[in-house]
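Visitor: Sequence:
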Amino acid sequence: MDRPDPLPIAPLERPPDVTVTVPGSKSFTNRALVLAALADGTSTLHGALVADDTEAMAAALEQLGVGIERHDGGRRLVVHGLGGRLPAGPLRIDARLSGTTARFLLPVLALGSGPYVLDGRAPLRRRPMGPTVDALRALGAEVDDGAETGPGHLPVTVRGLGTRGGATAVPADLSSQFVSGLLLAAPAMPEGLDLTMLGAAVSRPYLTMTTATMAAFGVEVERPSPDRFVVAPASYRATAYGVEPDASAASYFLAAAALTGGRVRVAGLGAGSLQGDIRVVAVLEQMGAEVELADDSVEVRGTGQLRGVDVDLADLPDMAQTIAVVAAFADGPTTVRGVELIRHHETDRIAAVVAELRRCGLTVHERRDGFTIEPGPLRPARIETYDDHRMAMSFALLGLRAPGIEIADPGCVAKTFPDYFATLDQLRRPAEPGPEPE
Numbered sequence: 001m002d003r004p005d006p007l008p009i010a011p012l013e014r015p016p017d018v019t020v021t022v023p024g025s026k027s028f029t030n031r032a033l034v035l036a037a038l039a040d041g042t043s044t045l046h047g048a049l050v051a052d053d054t055e056a057m058a059a060a061l062e063q064l065g066v067g068i069e070r071h072d073g074g075r076r077l078v079v080h081g082l083g084g085r086l087p088a089g090p091l092r093i094d095a096r097l098s099g100t101t102a103r104f105l106l107p108v109l110a111l112g113s114g115p116y117v118l119d120g121r122a123p124l125r126r127r128p129m130g131p132t133v134d135a136l137r138a139l140g141a142e143v144d145d146g147a148e149t150g151p152g153h154l155p156v157t158v159r160g161l162g163t164r165g166g167a168t169a170v171p172a173d174l175s176s177q178f179v180s181g182l183l184l185a186a187p188a189m190p191e192g193l194d195l196t197m198l199g200a201a202v203s204r205p206y207l208t209m210t211t212a213t214m215a216a217f218g219v220e221v222e223r224p225s226p227d228r229f230v231v232a233p234a235s236y237r238a239t240a241y242g243v244e245p246d247a248s249a250a251s252y253f254l255a256a257a258a259l260t261g262g263r264v265r266v267a268g269l270g271a272g273s274l275q276g277d278i279r280v281v282a283v284l285e286q287m288g289a290e291v292e293l294a295d296d297s298v299e300v301r302g303t304g305q306l307r308g309v310d311v312d313l314a315d316l317p318d319m320a321q322t323i324a325v326v327a328a329f330a331d332g333p334t335t336v337r338g339v340e341l342i343r344h345h346e347t348d349r350i351a352a353v354v355a356e357l358r359r360c361g362l363t364v365h366e367r368r369d370g371f372t373i374e375p376g377p378l379r380p381a382r383i384e385t386y387d388d389h390r391m392a393m394s395f396a397l398l399g400l401r402a403p404g405i406e407i408a409d410p411g412c413v414a415k416t417f418p419d420y421f422a423t424l425d426q427l428r429r430p431a432e433p434g435p436e437p438e
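Mapping to our numbering: the sequence shown position 438 is 438, numbers consecutive.
Hints may be right or wrong, so weigh each one.
[Claimed, not checked] Derived CB-CB ranges, DEER-like:
1. 148 - 295: 44 to 54 Å
2. 290 - 65: 42 to 52 Å
3. 303 - 367: 20 to 30 Å
4. 164 - 376: 56 to 66 Å
5. 380 - 333: 17 to 27 Å
6. 290 - 167: 46 to 56 Å
Source of the hints: derived by calculation from the structure; they are not laboratory data.
Just so we're clear, the structure is a prediction, and the values are computed from it rather than from any experiment.
Just so it is clear, CB atoms sit at the ideal spot from N, CA and C, and this is done for glycine as well.
Build the full structure now, drawing on both the sequences and the hints.
Guide: Right, here's the structure in full:
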């Protein structure tokens, strides 16, 4: 469905009372695609996310000779693995705008002979790749970078004939994706991998997701200490793998319940999820919402009152924009800390949040690692989204309560959630029927 640009968001006429279904996890889909590609045999991924980021990964793997069959509109993927044997280059791999594709595939490319050129669109070229480049060189790969955009950035050329594996250390204070990418490729390295994280690691739950996905494909990761991973040489086992719903996608609808005083339930995502972003419900509860986290669902109920909070979101940085929007309706200031790394995502997300909330008339104080929001009346505004899907999805929530909010470039949500605005419209449905009286 084509939507106007900018897209006006009409306030809700009544608080929502709905159950919504969100698409599969991007993080699990792209991890499972890599492992299925490296496995020897045929794997089937059920419930996969269909979006630009996962299509970027699938298309890149197909460039490497991986056979991928798409069924059920792409939600079921049949992947014919290469058994760790990559075709020789020259090949040019396009990661488009997908950070996970670039950072997960660069270590995989080092498993082949090359030469392979890994590149992406301009915003991805601006995102750092240096920790992976440095680690691969230490592990024996030949990696050339910096010719066009400066050291530590795409495009990168890889010749992997000397990649042996072994011990290395990686800074983990910028992104967990550097660690995850090396771990995913580690079993196919002749000496395996002994990886130590340096610095205060961010987004640690994503590392648990990585090791859990590896275990599902038959490879166990040892953790001698919280900052050390040891992976022995091994082969991934082809398998049938179910992708759970995306907690990041769910967060917008759960936040909508909190800020509108309604009820939203997300099915298929529950207390056992390894996705760190499920913990956003604890922040919403701290802000005044009621939360019910069951085995196979999560529900948030708004109480009509929202409190300002002081929160460290280092382990769930993708939730910073969501919490910022909820904070606009709180009864006092909210401070978000620990998210300096989001300055290096699709855009500088700290600066973008500050600029757009100020555009709406709020007083916002920018910090090195976050921001402080002072709630107040919101004025109509056209929200710039900076080619960032999370800016569009989070700031659309403002319009559910405040009139006159428009979202520029609404199509950017296709990166991870093409049907986002159609799903958001489900909040306008009549209330779900309750149980019949006895």
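Visitor: Could you run down the list of hints and mark each one as holding or not?
Guide: Going through the hints against the structure:
1. 148 - 295: 44 to 54 Å: holds, 50 Å
2. 290 - 65: 42 to 52 Å: holds, 51 Å
3. 303 - 367: 20 to 30 Å: holds, 29 Å
4. 164 - 376: 56 to 66 Å: Holds, at about 59 Å.
5. 380 - 333: 17 to 27 Å: holds, 23 Å
6. 290 - 167: 46 to 56 Å: Between residue 290 and residue 167, where Cβ atoms are some 48 Å apart, the hint holds.
Of the numbered hints listed earlier, not one is contradicted by the structure.
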